[in-house]
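Chains as they are written, first to last, in numbering that gives the first Met the number 0: chain U, 0 to 285; chain D, 0 to 447; chain E, 0 to 279.
Because the hints were derived from the structure by calculation, they are not lab data.
Please note that a few of the clues may not be correct.
[What the hints assert, rightly or not] Here are the simulated DMTMM-like pairs of lysine to aspartate or glutamate, each with C-alpha atoms no more than 25 Å apart in a straight line: (1) K434(D) / E52(U); (2) K9(E) / E182(U); (3) K50(D) / D334(D); (4) K56(D) / E173(E); (5) K444(D) / D126(D); (6) K300(D) / D383(D); (7) K56(D) / E43(E); (8) K166(D) / E177(D); (9) K434(D) / E182(U); (10) K213(D) / E177(D); (11) K223(D) / E130(D); (12) K436(D) / D56(U); (13) K59(D) / E224(E); (14) K242(D) / E177(D); (15) K134(E) / E164(D); (16) K425(D) / D34(U); (17) K134(E) / E69(D); (18) K8(E) / E187(U); (19) K432(D) / E216(D); (20) K223(D) / E52(U); (21) K241(D) / E187(U); (22) K248(D) / D56(U); (23) K424(D) / D56(U); (24) K166(D) / E212(D); (25) K248(D) / D140(U); (26) K326(D) / E224(E); (27) K51(D) / E224(E); (28) K61(U) / E415(D); (29) K76(D) / E224(E); (30) K56(D) / E69(D); (31) K290(D) / E164(D); (32) K31(D) / E224(E).
[What the hints assert, rightly or not] Between beta-carbon pairs, the in silico distance windows are: (33) K241(D) / G222(E): 45 to 55 Å; (34) W277(U) / A143(E): 34 to 44 Å; (35) L186(U) / S25(E): 30 to 40 Å; (36) L27(E) / W60(U): 54 to 64 Å; (37) G222(E) / K56(D): 13 to 23 Å.
Where is the CB? At the ideal position from N, CA and C, for every residue including glycine.
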Amino acid sequence: MRNTVNYFLISPALLISILIVFIPGLLTVIVAFTDWNGVSTTPNFVGVQNFNELFVDSIFWKALLNNAKWTLMFVTVPIVIGLLTAMMLLKRKKSKSAYQLIFLFPYILAPTTNAILWLNIIFNPVSGVIGYLQEIGIPIDSPLSSVDTALYAVASVDIWHYWGFLTVVYLAALRQTPAEQIEAAYLEGCNGWQIFRYVYFPSIRPTFNIMFVMIIIFSFLTFDYVYLLTGGGPSHSTEMLSTYAYTFAFSAFQVGKAAAIALFMSFFGLLASCLYIWMSRNDLKN
Amino acid sequence: MKKKLVGLVTIFLVMVIFAGCSNDSKTTADGKEIITMWFWGAPPEHQETLKKVLIDKYNKSQNEYELKIEYRNSVDKDISVALSSGKGPDIVYGSGPSFVIPLAEAGRIENLDKYAEKYGWKDRILDPIYESGTVNGSLYSLGNSLNTVGIFYNKKVLKDNNWPEPKTIEELEKIMDEAIEKGMYASVTGNKGWKPVNENYSSLFLTHFAGGEKVYEALTGTTKWTDPTIIDALDTSADWYKKGYLAGKDYTNLTFNEATQLLADEKAPFFFGPSLVYQFAAQSFSGDKAKDLGFMAFPTKDHETNEPYYTLGVTATLSINAQSKHKDEAAKILDTMMTNEFMNEMTKTWPGYWGVPLKGLQIDTSDMPELSKAYAETIKNMVDGVNKGHFGYYSGVFLPPATQQIFLDIESIWNEQMTSTELMKKVQVEFDKEKEKGLVPPIPKPSE
Amino acid sequence: MKSSSLAKKKQTSVLSHVILLLFSISALAPLSLVLLNSFKNQTEIIRNPLSWPKALNISNYVDAWHAANFSTGFINSILLTGTTIVIVLIASGLAGYVLAGKKIKATQAVTIYFMVAMTIPIQLFLFPLYFVLAKFNLIGNIYAVSFILAAVNMPLATFLMRTFFMNIPTELEESARIDGASTFNLITKIMFPLVRPGLITVSIIVGISVWNEFLITSTFLQGQENFTATLGFLSLNNTYNTNQGLMMAASVLMIAPLIVFFLVVQKYFIEGLVSGSVKG
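With these hints in hand, go ahead and build the complete structure from the sequences.
Set out below in C-alpha cells:
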C-alpha cells in the first residue's frame, strides 16, 4: 500500500519529464541516422553517414575539445567562488539576503544584455573599458578577438554571470547543517577549515555532488553566451558542440547532422551521470 | 504574512482565469480574419515605419482582414520549426533564395506562379532576382530588397586629405596606405557579435577580384571552386586583411553600428559594407553630417569589365505558407510590397532595407531626407547596373546553405588557420553534395 | 591565548568582509554600466560607453516600455513563471521526498532516468514536440508552454529537493507515522514546511530561468499578445541593429519583478528552522 502511494507521489514528475523531454529526445536519436533537413516529409535513412562525416570534420573535434576545456574551467572556478562566498555569508545574519541578491544580479539579467555589456562596453578596444585601459598605457587587447584567448574570455563572462547562482544553492544547503554538530565541533576546538571539511562539507555533500555533475552536463550543453558573444568565432576558436549543432539545424538545413552532434552532447552528459551514480552510490543503495 | 500570501495567490488565480478566457483564435474582436507575418527583431522606429506604411494602410484598405507582424529575434529558427509542422505565419520571411528550396520541395510554401501572372511580377521584377526565387521553373519567393556590397566613404575626409574618389583598386589601395600612415583606419567594418558579416567580404572578393563570370562558371559547375582565379581572389582578401585594409586589427572588435560611427567621426575614409548599412547611418551621420556620406560601387580588378559592377543580393525573401488560409490576400500584400510607392515610402524613414528590386524602379526623392535620398539613388544605380548584366553574386543568396557556412570561414584564411586552397576544396566537396541534392538556386548569367 | 584567538577571529571576519565586498563589486560594477548607459542615446554610447549621461533622460525607458509591449508581456511572464514554479514545486517536491527516503525499489532507476533526461539538449527536441503540440492545437498556449518549461527544469529541481529531504532525520518521519499521521498530512504538515529553504531555492532557480527563457518560448508562443516580457525585449533587437540604450533600459525594467520576487520569497526563509525542530 505504502509503495503504491509512493509510486503515485513520484508519478507527476516522471510523467511530465517522460512525455515532454524523453520521448521527443528519443526521436532525435532516430533523426541522427537520417538526412532530414528539418522541413521535408520524406527523410531518408543514411545509416551512420552523419557520424562518419563528423569524425573527419576537424571543426567537430575542435568543438569537442572546447567543450572539454569549458568543463574543466566550470568545475573549478565557479565552484570555489561559490563555496567560499556561501561559507562567508553563512555567518552574516543581517547582510545575507542583500549579498545574495547582489551576487544574483548578473545571473538574473537577460543574457542578451550581459552580452551587449561585455561585447560593446567592456571588451571594446575602440571606446570601452579596454579602450580606456589602452589609453592610460596598459597594453591590452580585446580577448575576444584573438583565437588564443577568445574561449577563455567567453568562459569568464559566463562564469561571471553564473557563480552567484552556485552561492545561493550552496548557501541554502549549508543552512541545513544541524546546529548541534557545528557547536560540538567548535567545542572541540576545530578551526574554520576543519569545520568546513568535517562538518559542513559532509552535510552538503549530496548538493555538492549533484551540482558538480550538473555543471558537467550543462557544460556540454552550453550555448547562450558563446552564441551571443562570438557565434563560435574567430575561426571556430570558440565553437561548441551546441553552436555547431545550431548552425547545422537552422542555417545549413542539416537537422540529421545536428541531431548526431546532439547525441555527443548527451553522451558526455551520460558519462557525467555515471560519475554521479558512482559518487552517490552509498545514498542510492536500498 | 499568511493573508498576504493568500492575496497573492488569489490575484494569480484571477490572472490565470482571465488568460484562459482570451482564446487564441485567428480572428480579431471585430470578426476580422488575421493575416500574420514574422519579421526579425526591429527597433521601435523601424516597427513604426512598417506599421504606418504597410500594416495600417493595408488594414484600412479593406475590412475583412487584419495584417499583423510579429517581431522575432530568432525568426529563422521559429519559422523552420513551425513550417516543419505545417504551421507558422501566412507570409514567410526567409533568409535568401537558397533557403527557399528545401521549403518549396517539401511543399511547405506555395507556388506563386498564378499570382505572378495575375500581378505581372515577371515583367516588373528584375530578371535575375525573379529567376533566383524560382524552384524548378516555378516562382516560390520574392526578394524584398536589393543589397550590394560597396564603398561607403566620408566625403569630408577625402576632401580634407586631397584624396580623389578612387576609380581603380590601385587608387583605393594608395589612399588606404596613406590613411594608415596618418594613423587612421584604412577602412572600418567588423563582424563583432554576428559572424555571418563575413559573407560580405567573401562575396566582395569573389565579385570584384575573381569576377562575376568566373563565379558563374563555378556556380554552374563548368569550373571548380579551386580555380586559380578564385584562389587568387581569396589570397588577396588575406593580403588585404593583413595589411589592415579591413579595419586593421579591429575587424573582430567592431559592429556595423560602431563602424559607421567611426566613419562619421572621420577616423577612416572608407567602410566597405552592404548597402543595408544605410539603416544605421541615421544615428551617426545625423544633421549636417548626412551629406558627407557617399556610396560607390567597388572597382573591379581588371577594369575592362563594365563598371560600375555590383554584387547581387537580396536582404530577405518573402513567400506564402502552403497551409495559409488566406493565400490570395497574402499575395495581395506581397504585391503592394513590390511597388515604387512602397519603396519610396519605406525608404523615407527606413533607408537600407527596402530597395524593392523593380526593373523600372522610379525613385521619388523630393521629400526624402539626405540619407534616404542617397540610398534610393544607390539602389537606382544598382538597378541600372543589374539590368545591363553587370553583377556578381552574394554568397549568402546564391550558394546553397551548407556551402555558404564554409564561405563564412573566410576569416580562417585571414587568421592563417587554413589556406585558400584548403577552404575551396572543402567548398567544392560540400557544393557538389548540395548540387546533387538540387539545392543550388537558379543562377542568373551576367553579361560578358 | 584567548584574546589572541579573539583577535584572529576578528581578523578573519574583516578579511571575509573585504572578500565579500570585492565579489559584490565584481558583480555590480559591470552592471552599473548597464544603468549608466540606459540613460544615453545610441551615439553617446558608441562614442563613449563610460561617460556620464548628459542628462537623466528616461526616454529609453518610455520607448522600451511601449515598444517591447511590456504591459502585456509582464502579465504573460508572471503567468508563465508562476504556473511553472507551482508545477515544478509540487512535482519535484513529491518526487524528491520519495527519492530521498529510497521509498521505492526503483529509486536508482528513477535517479538514472532523471540524469539522462537532464542531458538532452533542448534545441533538438523542439521539432517533435512542436509537431505534437500543433496536433493538439496547443501552440501559443501559455499553460502548455509552462509544462514544457517545468519538464526542462524538473530533473535538477527533483535532485535538489531530494538532497534537502535527505537532511531531515528519518526519526522525525517515523515518530509522525507512529502518531498516526496520514501520508498526506505528513507531507503537507511536516515534511514540506521543513524543506522550505529547498522549496524557496528551487522556486528562485526555476523562476529566474523561466523569466529569462527564450529558446522554448519563442518557438511555442505565437501572436505578439502572447509574448513574454523577454520575447518583447528581444523583439527590439536583431543582430545587425541594436539600439543599446533602449536594450539596457528594457533589461533594467525586466529585472525589477525578479528582485521583488526574490525579496518576498526570502522573507519566508526562516533561520534555524531545521535545527530547531530536530532538537524538539
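Do the hints match the structure? See the list:
With a CA separation close to 18 Å, the supplied pair K434(D) and E52(U) stays within the 25 Å bound. This hinted pair checks out: K9(E) and E182(U) have alpha carbons roughly 19 Å apart, not beyond 25 Å. Among the hinted pairs, K50(D) with D334(D) is consistent with the structure: their alpha-carbon atoms are about 17 Å apart, no more than 25 Å. Annotation: proposed proximity of K56(D) to E173(E) is violated, straight-line Cα distance about 72 Å (limit 25 Å).
A distance of roughly 10 Å separates the Cα atoms of K444(D) and D126(D); the hinted pair therefore holds under the 25 Å criterion. For the proposed pair K300(D) and D383(D), the alpha carbon gap of about 21 Å is at most 25 Å, so the pair holds. For a cut-off of 25 Å, the pair hint linking K56(D) to E43(E) is broken: about 35 Å separates their Cα positions. Distance restraint check for K166(D) and E177(D): the Cα-Cα separation of roughly 16 Å lies within the 25 Å cut-off, and the hinted pair is therefore satisfied.
Restraint check for K434(D) and E182(U): not satisfied, since their Cα atoms lie roughly 74 Å apart, outside the 25 Å limit. Proposed proximity of K213(D) and E177(D) is contradicted: the alpha carbons are some 32 Å apart, above 25 Å. A threshold of 25 Å between alpha carbons decides the hint, and for K223(D) with E130(D) the separation of about 23 Å falls inside it, so the pair holds. Pair hint K436(D) plus D56(U) holds up; C-alpha atoms about 21 Å apart against a cutoff of 25 Å.
Note on K59(D) and E224(E): the hinted pairing holds, with a Cα-Cα distance of about 21 Å set against a maximum of 25 Å. About 12 Å separates the Cα atoms of K242(D) and E177(D), which keeps this hinted pair within 25 Å; it holds. Between the alpha carbons of K134(E) and E164(D) the distance comes to roughly 61 Å, so the proposed pair goes past 25 Å and is violated. For the suggested pair K425(D) and D34(U), the alpha carbons sit about 19 Å apart, so the restraint of at most 25 Å is met.
The hinted pair formed by K134(E) and E69(D) meets the criterion: a straight-line CA distance of about 22 Å does not exceed 25 Å. Taking the CA atoms of K8(E) and E187(U), the gap is near 16 Å; set against the 25 Å cutoff, the hint holds. Taking the CA atoms of K432(D) and E216(D), the gap is near 17 Å; set against the 25 Å cutoff, the hint holds. For a cut-off of 25 Å, the pair hint linking K223(D) to E52(U) stands: about 22 Å separates their Cα positions.
Taken as a hint, the K241(D) and E187(U) pair is broken in the structure, with Cα atoms around 68 Å apart against an allowance of 25 Å. About 29 Å separates the Cα atoms of K248(D) and D56(U), which puts this hinted pair outside 25 Å; it is violated. For the hint linking K424(D) to D56(U), the alpha-carbon distance of about 13 Å falls within 25 Å, and the restraint holds. Proximity of K166(D) to E212(D) is assessed by CA-CA distance (about 21 Å); at most 25 Å being required, the pair is judged to hold.
As the CA atoms of K248(D) and D140(U) are separated by approximately 10 Å, the hinted pair is consistent with the 25 Å bound. Of the pairs offered as hints, the one joining K326(D) and E224(E) holds, with about 23 Å between alpha carbons and a cut-off of 25 Å not exceeded. A C-alpha spacing of about 19 Å is found between K51(D) and E224(E), which places the hinted pair at or below 25 Å, so the restraint holds. Between the alpha carbons of K61(U) and E415(D) the distance comes to roughly 16 Å, so the proposed pair stays at or under 25 Å and holds.
Proximity of K76(D) to E224(E) is assessed by CA-CA distance (about 20 Å); at most 25 Å being required, the pair is judged to hold. About 17 Å separates the Cα atoms of K56(D) and E69(D), which keeps this hinted pair within 25 Å; it holds. In summary, the hint linking K290(D) to E164(D) is supported, as the alpha carbons are separated by about 15 Å, within the 25 Å threshold. Proposed proximity of K31(D) and E224(E) is supported: the alpha carbons are some 16 Å apart, at most 25 Å.
For the pair K241(D) and G222(E), the beta carbons lie near 50 Å from each other, so the given range of 45 to 55 Å is met. The hint said 34 to 44 Å for the Cβ distance between W277(U) and A143(E), and at roughly 38 Å that hint holds. Between L186(U) and S25(E) the CB atoms are about 37 Å apart, so this pair conforms to the stated range of 30 to 40 Å. One distance hint, 54 to 64 Å for the beta-carbon pair L27(E) and W60(U), is violated here, with the actual separation near 40 Å.
A hinted range of 13 to 23 Å holds for the C-beta pair G222(E) and K56(D), which are about 22 Å apart.
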